[in-house]
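Take the sequences, apply the hints, and build the full model.
The sequence shown: position 51 = 50 (numbering that gives the first Met the number 0), numbered continuously.
These are computed hints drawn from the structure, not numbers from a lab.
Nothing false has been slipped in among the hints.
The list that follows gives simulated cross-link-like pairs (lysine-lysine, DSSO-like), each with its CA atoms no further than 27 angstroms apart:
| id | residue 1 | residue 2 |
| --- | --- | --- |
| 1 | LYS102 | LYS89 |
| 2 | LYS102 | LYS21 |
| 3 | LYS89 | LYS21 |
| 4 | LYS83 | LYS102 |
| 5 | LYS89 | LYS49 |
| 6 | LYS21 | LYS49 |
| 7 | LYS49 | LYS102 |
| 8 | LYS21 | LYS83 |
| 9 | LYS83 | LYS49 |
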Amino acid sequence: MSENVGNSDFVNSYGNSSGFGKDSMVPEEIANRFNWGAFFLNWIWGIGNKVYFALFALLFAFIPFLGGIVCLGFSIWLGFVGNKLAWQNKQWESLEEFERIQKIWTNVGLILFFTCIILSIIIPTSITIHSR
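The following block contains the structure:
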């Protein structure tokens, strides 16, 4: 796995181009890969990866119906561009470290997603059983 380093003026102390915003050369290995951590944990992932405009998801989260649609669209968009934004906005030691951390975000997102699905089935079921 090689890292694409652009202009030598844009190389951080780790020897790669991460953390220089739009001047960062995003490695091909991650450039077009969907970021499930960004999708599932949008605004939380944004804080952890210095993609602060992901906090806009919070603004729409409390608007009934329309907010849910906007948040879903925003999450899908973040999933598609998440790797690029995280690489550009935060300095990473290496591509391997980046991939390891993004995998953790993905795993946490999946755990929370499936926990919510299971709880959304268990809680209404238990309420129905206890109300009889």
